[in-house]
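Engineer: As a plain string of letters, each chain reads:
Number of protein chains: 2
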Amino acid sequence: MHTNTSTDSLEYKKYLAFMRSIADVPEDEAEKMAEVFRHEKLDKGQFFIRAGERPQTIGFIISGILRLYYLNDKGDEFTKAFCVENEMVAAYSALLLEEPSRLFIEALEDTSLLVAPYESYKRISSGHICWQIINQKMAEALIIKKEKRESALLMDDAAKRYLQFLEDYPGLEGKVKQYYIASYLGITPVSLSRIRSKLK
Amino acid sequence: MHTNTSTDSLEYKKYLAFMRSIADVPEDEAEKMAEVFRHEKLDKGQFFIRAGERPQTIGFIISGILRLYYLNDKGDEFTKAFCVENEMVAAYSALLLEEPSRLFIEALEDTSLLVAPYESYKRISSGHICWQIINQKMAEALIIKKEKRESALLMDDAAKRYLQFLEDYPGLEGKVKQYYIASYLGITPVSLSRIRSKLK
DNA sequence: GAAATTCATTAACATAGGTTAAGATTATTT
DNA sequence: AAATAATCTTAACCTATGTTAATGAATTTC
Chain A
1 MHTNTSTDSL EYKKYLAFMR SIADVPEDEA EKMAEVFRHE KLDKGQFFIR AGERPQTIGF
61 IISGILRLYY LNDKGDEFTK AFCVENEMVA AYSALLLEEP SRLFIEALED TSLLVAPYES
121 YKRISSGHIC WQIINQKMAE ALIIKKEKRE SALLMDDAAK RYLQFLEDYP GLEGKVKQYY
181 IASYLGITPV SLSRIRSKLK
Chain B
1001 MHTNTSTDSL EYKKYLAFMR SIADVPEDEA EKMAEVFRHE KLDKGQFFIR AGERPQTIGF
1061 IISGILRLYY LNDKGDEFTK AFCVENEMVA AYSALLLEEP SRLFIEALED TSLLVAPYES
1121 YKRISSGHIC WQIINQKMAE ALIIKKEKRE SALLMDDAAK RYLQFLEDYP GLEGKVKQYY
1181 IASYLGITPV SLSRIRSKLK
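For the record, the sequence lines run as chains A and B.
Each residue of the first sequence is one higher than the one before, starting from 1 at the first, in our numbering.
Each residue of the second sequence is one higher than the one before, starting from 1001 at the first, in our numbering.
For the record, the hints were derived by calculation from the structure and aren't laboratory data.
Positions of the beta carbon are idealized from the N, C-alpha and C atoms, including for glycine.
Treat the hints with caution; some may be incorrect.
[Stated by the list, open to error] Computed cross-link-like contacts, DSSO-like style, restricted to lysine-lysine with a CA-CA straight-line distance of at most 30 Å:
{"#": "1", "chain 1": "A", "residue 1": "K146", "chain 2": "B", "residue 2": "K1145"}
{"#": "2", "chain 1": "B", "residue 1": "K1175", "chain 2": "B", "residue 2": "K1200"}
{"#": "3", "chain 1": "B", "residue 1": "K1148", "chain 2": "A", "residue 2": "K160"}
{"#": "4", "chain 1": "B", "residue 1": "K1137", "chain 2": "A", "residue 2": "K137"}
{"#": "5", "chain 1": "A", "residue 1": "K137", "chain 2": "A", "residue 2": "K32"}
{"#": "6", "chain 1": "B", "residue 1": "K1032", "chain 2": "B", "residue 2": "K1122"}
{"#": "7", "chain 1": "B", "residue 1": "K1175", "chain 2": "B", "residue 2": "K1160"}
{"#": "8", "chain 1": "B", "residue 1": "K1200", "chain 2": "A", "residue 2": "K146"}
{"#": "9", "chain 1": "A", "residue 1": "K74", "chain 2": "B", "residue 2": "K1198"}
[What the hints assert, rightly or not] According to the in silico footprint, chain B covers these stretches of chain A (three or more CB under 8 Å from chain B):
{"#": "10", "stretch": "29 to 43"}
{"#": "11", "stretch": "91 to 99"}
{"#": "12", "stretch": "136 to 147"}
{"#": "13", "stretch": "151 to 162"}
Produce the entire structure from the sequences given, and follow the hints as far as they go.
Structural biologist: Written out as structure tokens, the structure is:
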């Protein structure tokens, strides 16, 4: 489902407000960028992308929850991350490498997003320093986030990772199934339930 | 130990060749960048940075091996990564956040590197598109690498991670202690020894 | 080159987390 | 509201990895 986006749609205002919290974006640049984004909705259970598909787009989440996960050959799901409002979402590695995605990105709730073709996004953002600053900052933030996740997986046991999850995604605990949280922590739902019962 | 670097030192030639494999670097930019790098050597056991220190510099490894590791409150070491020739090295998160490093970066062998103050590096690299392309590509490569490591820690058991380590760091197996490899895999040296014996 | 130190291996036992299965809740459908 | 289905909890047992300790091999020191 596609809807044109204009600079004064509520959704684009939210996008722009977020980007302007990172760097100044002149009005004409804001207008150029608005043209490449479309407003889309994903119903709960729908996919932003599936493994095997070549990603072409990036998204900005207005509301809702997405889950990024891998599926191994045995059929086990591993949740790489959750994405919530005010976050960019993409099968980033695959997009950069121009390869099929290894990730599924699925809506855990009805989700509203702005979506742009990556090529268009790159074209606009290479045209003005403000987007380059924004992209640089977002890449840095991503690296910092990944570094944190990586060190948690390396150093912390499941109970500690669970407590960290509660801090990192406030409110998500009540909204999504334990199965998803467990697969994010790298454990089974049974094990998560045990951990939760010990904490009470 | 500091030594000035010129565009025709062997070390800087190696740096430049690597960067030119990513993007065209005009001669005058190469000369500007040469001025901010100094050639340094770390003896085996010396540190590029210690946890608690504020990182100011980035390095490019000419030869040798560095180990990036965390230390938890119990005194356990966790190896985040190894760095070898033709790689940039820095306490990257801390550098971006302007915070003290949580990482130790230690030479596992006598190591030769080019080192630049991060501020100087940023100043030069913001002055020409070629460096921005290079930085962008290196950030992307870092994200891809981290994504791979993250998914391995989440999805794979220790034996599979060990086999992946052998692929990712060819030759390192014979050069560094099993203790370091084990701490990279998130297991104990005893467990690594068991895994190795089962593979034979 | 002998002694001392460090490192890798192996074994015995402990523990965290996985697996399966049975109830107990909660949510969904009719 | 009853019936069904999905989810969460608990328990019993299993497996991978941790812990400690003993031994052997390799390296360093004197």
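Engineer: Evaluate each hint against the coordinates.
Structural biologist: Tested hints:
As the CA atoms of K146 (chain A) and K1145 (chain B) are separated by approximately 11 Å, the hinted pair is consistent with the 30 Å bound. Taken as a hint, the K1175 (chain B) and K1200 (chain B) pair is honoured in the structure, with Cα atoms around 19 Å apart against an allowance of 30 Å. At most 30 Å may separate the alpha-carbon atoms for a hinted pair to count; K1148 (chain B) and K160 (chain A) meet this at roughly 23 Å. A hinted pair counts as satisfied when its Cα atoms are at most 30 Å apart, and K1137 (chain B) with K137 (chain A) qualifies at roughly 14 Å.
For the hint linking K137 (chain A) to K32 (chain A), the alpha-carbon distance of about 20 Å falls within 30 Å, and the restraint holds. A distance of roughly 12 Å separates the Cα atoms of K1032 (chain B) and K1122 (chain B); the hinted pair therefore holds under the 30 Å criterion. Distance hint between K1175 (chain B) and K1160 (chain B) is fulfilled; the C-alpha atoms sit about 20 Å from each other, no more than 30 Å. The hinted pair formed by K1200 (chain B) and K146 (chain A) fails the criterion: a straight-line CA distance of about 34 Å is larger than 30 Å.
This hinted pair checks out: K74 (chain A) and K1198 (chain B) have alpha carbons roughly 22 Å apart, not beyond 30 Å. Chain B is given as covering the stretch 29 to 43 of chain A, and this is violated because 0 residues of the stretch bring a CB closer than 8 Å to a CB of that chain, at least three being needed. Coverage of the stretch 91 to 99 of chain A by chain B holds. Counting CB-CB distances below 8 Å, 4 residues qualify, and the rule asks for three or more. Counting residues of the stretch 136 to 147 of chain A whose C-beta lies closer than 8 Å to any C-beta of chain B gives 8; at least three are required, and the coverage claim holds.
Coverage of the stretch 151 to 162 of chain A by chain B holds. Counting CB-CB distances below 8 Å, 4 residues qualify, and the rule asks for three or more.
The earlier numbered hints that this structure contradicts are 8 and 10.
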